[in-house]
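Asks: Can you build the whole structure from these sequences, using the hints too?
First to last, the protein sequences are chains S and U. Going letter by letter, the first sequence gives residues 1 to 335 in the working numbering. Going letter by letter, the second sequence gives residues 1 to 253 in the working numbering.
Honestly, I wouldn't trust all of these hints.
Unchecked claim - If you anchor each label on the Cβ, the simulated ranges turn out as follows:
1) S/Val266 - U/Arg48: 27 to 33 Å
2) S/Leu31 - U/Glu241: 26 to 32 Å
3) S/Tyr335 - U/Leu245: 27 to 33 Å
4) S/Ile7 - U/Asn123: 25 to 31 Å
5) U/Arg48 - S/Ala246: 56 to 62 Å
6) S/Ile7 - U/Ala132: 28 to 34 Å
7) S/Thr250 - U/Arg23: 51 to 57 Å
As the list claims (entries may be wrong) - From chain S, some residues computed to sit far from chain U (all C-beta separations above 10 Å):
8) Leu8
9) Glu104
10) Val146
11) Leu240
12) Val267
To be verified - Footprint (simulated), chain S over chain U, 3 or more residues, beta carbon under 8 Å:
13) 59-70
14) 197-205
15) 241-247
By construction, these hints were calculated from the structure, which means they are not laboratory data. The beta carbon of each residue, even a glycine, is placed where N, CA and C say it ideally should be.
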Amino acid sequence: MNLPIAILTIRWMFRDTLRQALASGVFWLMLCVSLVCTLFCFSAGIQGDPVSLERTGELTEFLPRHGSSGSDLDKAARSGVDVVRGELTLGFGAVRMPLGRDAEAAVHLLQLLLAGGVADALGVLLALVWTAGFLPTFLEPSAATVLLSKPVPRWSILAGKYGGVLAFVGFQAIVFVGGTWLALGLRTGVWTPAYLLCVPLLILHFAIFFSCSVFLAVCTRSTVACVFGSVLFWLLCWGLNYGHHAALATPQLQSVAPAFQGMVDVVYWILPKPADLSMVLFDALQADNSFSRLFDYQTLQSLGAFSPELSVLSSLVFTLVMLAASARQLATTEY
Amino acid sequence: MSSTVAVEFDDVSKSYPAGWPGRRLAALTNVSFAIESGEVFALLGPNRAGKTTLVKILLSLCQPGAGRVARLGQPITDRTTLARVGYMHENQAFPRYWNAAQLLEFYGALSLMPAREIHNRSNQLLRFVGLADRGEEPIARFSKGMIQRLALAQALINDPELLVLDEPTEGLDLIGRRLLFEVIQEQRRRGRTVLLVSHVLGEVEQHCDRAAVLLNGRLVHVGPLNTLTQDAKTGTARSLEQALLDLYERLAA
Numbered sequence: 001m002n003l004p005i006a007i008l009t010i011r012w013m014f015r016d017t018l019r020q021a022l023a024s025g026v027f028w029l030m031l032c033v034s035l036v037c038t039l040f041c042f043s044a045g046i047q048g049d050p051v052s053l054e055r056t057g058e059l060t061e062f063l064p065r066h067g068s069s070g071s072d073l074d075k076a077a078r079s080g081v082d083v084v085r086g087e088l089t090l091g092f093g094a095v096r097m098p099l100g101r102d103a104e105a106a107v108h109l110l111q112l113l114l115a116g117g118v119a120d121a122l123g124v125l126l127a128l129v130w131t132a133g134f135l136p137t138f139l140e141p142s143a144a145t146v147l148l149s150k151p152v153p154r155w156s157i158l159a160g161k162y163g164g165v166l167a168f169v170g171f172q173a174i175v176f177v178g179g180t181w182l183a184l185g186l187r188t189g190v191w192t193p194a195y196l197l198c199v200p201l202l203i204l205h206f207a208i209f210f211s212c213s214v215f216l217a218v219c220t221r222s223t224v225a226c227v228f229g230s231v232l233f234w235l236l237c238w239g240l241n242y243g244h245h246a247a248l249a250t251p252q253l254q255s256v257a258p259a260f261q262g263m264v265d266v267v268y269w270i271l272p273k274p275a276d277l278s279m280v281l282f283d284a285l286q287a288d289n290s291f292s293r294l295f296d297y298q299t300l301q302s303l304g305a306f307s308p309e310l311s312v313l314s315s316l317v318f319t320l321v322m323l324a325a326s327a328r329q330l331a332t333t334e335y
Numbered sequence: 001m002s003s004t005v006a007v008e009f010d011d012v013s014k015s016y017p018a019g020w021p022g023r024r025l026a027a028l029t030n031v032s033f034a035i036e037s038g039e040v041f042a043l044l045g046p047n048r049a050g051k052t053t054l055v056k057i058l059l060s061l062c063q064p065g066a067g068r069v070a071r072l073g074q075p076i077t078d079r080t081t082l083a084r085v086g087y088m089h090e091n092q093a094f095p096r097y098w099n100a101a102q103l104l105e106f107y108g109a110l111s112l113m114p115a116r117e118i119h120n121r122s123n124q125l126l127r128f129v130g131l132a133d134r135g136e137e138p139i140a141r142f143s144k145g146m147i148q149r150l151a152l153a154q155a156l157i158n159d160p161e162l163l164v165l166d167e168p169t170e171g172l173d174l175i176g177r178r179l180l181f182e183v184i185q186e187q188r189r190r191g192r193t194v195l196l197v198s199h200v201l202g203e204v205e206q207h208c209d210r211a212a213v214l215l216n217g218r219l220v221h222v223g224p225l226n227t228l229t230q231d232a233k234t235g236t237a238r239s240l241e242q243a244l245l246d247l248y249e250r251l252a253a
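Replies: This is the structure:
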């Protein structure tokens, strides 16, 4: 293997992919989604006189404004209880919601909805769909034969394309997360650095499932197969990941045949784990104060059924295996 | 293998899966011939004769099922020799998001050319193929003829020692064809090797020194063109078209 040639190829294919992304509508479409979300965040604000509840690790005693009469609030305030008075406004004041707790909690909730709902679920799915055509178009025999007759290793062509797509999606993730974080920070004065951890986690999530799309592309050269294949695979992995944990966390399901349980375990460890990745994101964003977890993860951890590190590591191993299989497939494909 | 041999096929066979498990369709059967350096060599034969398969094997786009193939003195497993090969084919599709100048830079870099040479060579070739004023324009706006001219420039970007042209005149207008023949003459003058696959027999007669004829994946003739065009019985000259028709008829009988 000639490393300098491989590096040169990866560099050029990386450039080629970024140019492809820039020229396609996908770049602008994703940017528009990010812009809409950033504008939404920029339209948010905190009004009134919100208190900042001390965060000592315990839930602070406080009294929400809504549902309490004015005299109750005054009494509570006099007796040392924090009284929440502010409002969260959206759409530049068009929608007003009384704060449930303090301003930080309200902004945190918005960030969780953006990270968990928009970016982690919808964003990854749309990114998979929108980038699914990048490789099949490029692998069409009429386009690929000249490229594949160049003195460069085929695996490096694939590596460059994969890296280019990841960089493109990474850029979009930075714009989305950075834009919404900045807009919320500027408008509300609440800056949550943990929210920025979404960027690497979203890229990781996408990278794992895009490897499946790459494999389908080199095997079929069909955009339709890549779109449906990768989305179905993503849904399947979600189902299996969720099912595995549900089976362990639900006492009624403990009596399921051990052989079946063993099979589910094997499949769980082989396939990527999108639900686990979402839990890692959930933890990184300290979402416990706002949402309840799907499962009692402490119980799962005590059963040895969930370890964030092993979960991510095994998903990465799956990614590497898929990429190696794709490279081998491309290297042996006859044009 | 001799250093004056640019291409050598030695007992090459190739088959493809024929749809039914275990069944295979022979594309090439025991093909052996060599192309000397500096020759303009034609590969002839009817459709599905195996010409493109042979070209693809030569360019490492597919592997031979059996036999040995050498390219510029090295076995085809040595991909580094591809840096000295140029290739143009009939249905060329380029990424539509590049412009002509960027495309040549891209293929020049992947042909392992030094960066400083690519720019000069690219400008020179765009002028030659008549696309100098369209160099900054996206390829998406190019016509089929312009794409083929760009494909010719792409094939020449690395100043190849071996130029492989698979149906190169497809889609080319009169001026484009003339450019192509200028290229072939220039390659010959400089002692470079050209392998031309074409159904346009007038072009072949005009430019090629020797030819190989394939029929149903088998080599049925190899040698100077005049050995093909001269009637063995009467000794009279005939057109290449007539010669090939006679050959196919004789073999079918």
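Asks: Taking the hints in turn, state whether each one holds.
Replies: Do the hints match the structure? See the list:
Checked against the given bound of 27 to 33 Å, the beta carbons of S/Val266 and U/Arg48, roughly 48 Å apart, lie outside it. At about 58 Å, the CB distance of S/Leu31 to U/Glu241 disagrees with the hint of 26 to 32 Å. Distance hint for S/Tyr335 and U/Leu245: a CB-CB separation of about 32 Å, consistent with the stated range 27 to 33 Å. At about 27 Å, the beta-carbon gap between S/Ile7 and U/Asn123 stays in the expected band of 25 to 31 Å.
The given range of 56 to 62 Å is respected by U/Arg48 and S/Ala246, whose C-beta atoms sit roughly 57 Å from each other. The hinted range of 28 to 34 Å is satisfied by S/Ile7 and U/Ala132, whose Cβ atoms lie roughly 32 Å apart. The given range of 51 to 57 Å is respected by S/Thr250 and U/Arg23, whose C-beta atoms sit roughly 52 Å from each other. The Cβ of S/Leu8 does not lie farther than 10 Å from every Cβ of chain U; its closest approach is about 7 Å, which violates its non-interface assignment.
At roughly 45 Å from the closest C-beta of chain U, the C-beta of S/Glu104 stays outside 10 Å, upholding its exclusion from the interface. Residue-level check failed: S/Val146 sits 6 Å from the nearest beta carbon of chain U, not beyond 10 Å. Taking the minimum C-beta to C-beta distance to chain U, about 32 Å, the non-interface status of S/Leu240 holds against the 10 Å cut. For S/Val267, the shortest C-beta to C-beta distance to chain U comes to about 29 Å, beyond the 10 Å cut-off, and the non-interface label holds.
Coverage of the stretch 59-70 of chain U by chain S holds [criterion: at least 3 residues with CB-CB distance below 8 Å; count 5]. Interface restraint, the stretch 197-205 of chain U with chain S: violated (0 residues with C-beta to C-beta distance below 8 Å; minimum three). Counting residues of the stretch 241-247 of chain U whose beta-carbon sits less than 8 Å from any beta-carbon of chain S gives 0, not enough to reach three: the coverage restraint is violated.
Hints 1, 2, 8, 10, 14, 15 from the earlier list are contradicted by this structure; the remaining hints agree with it.
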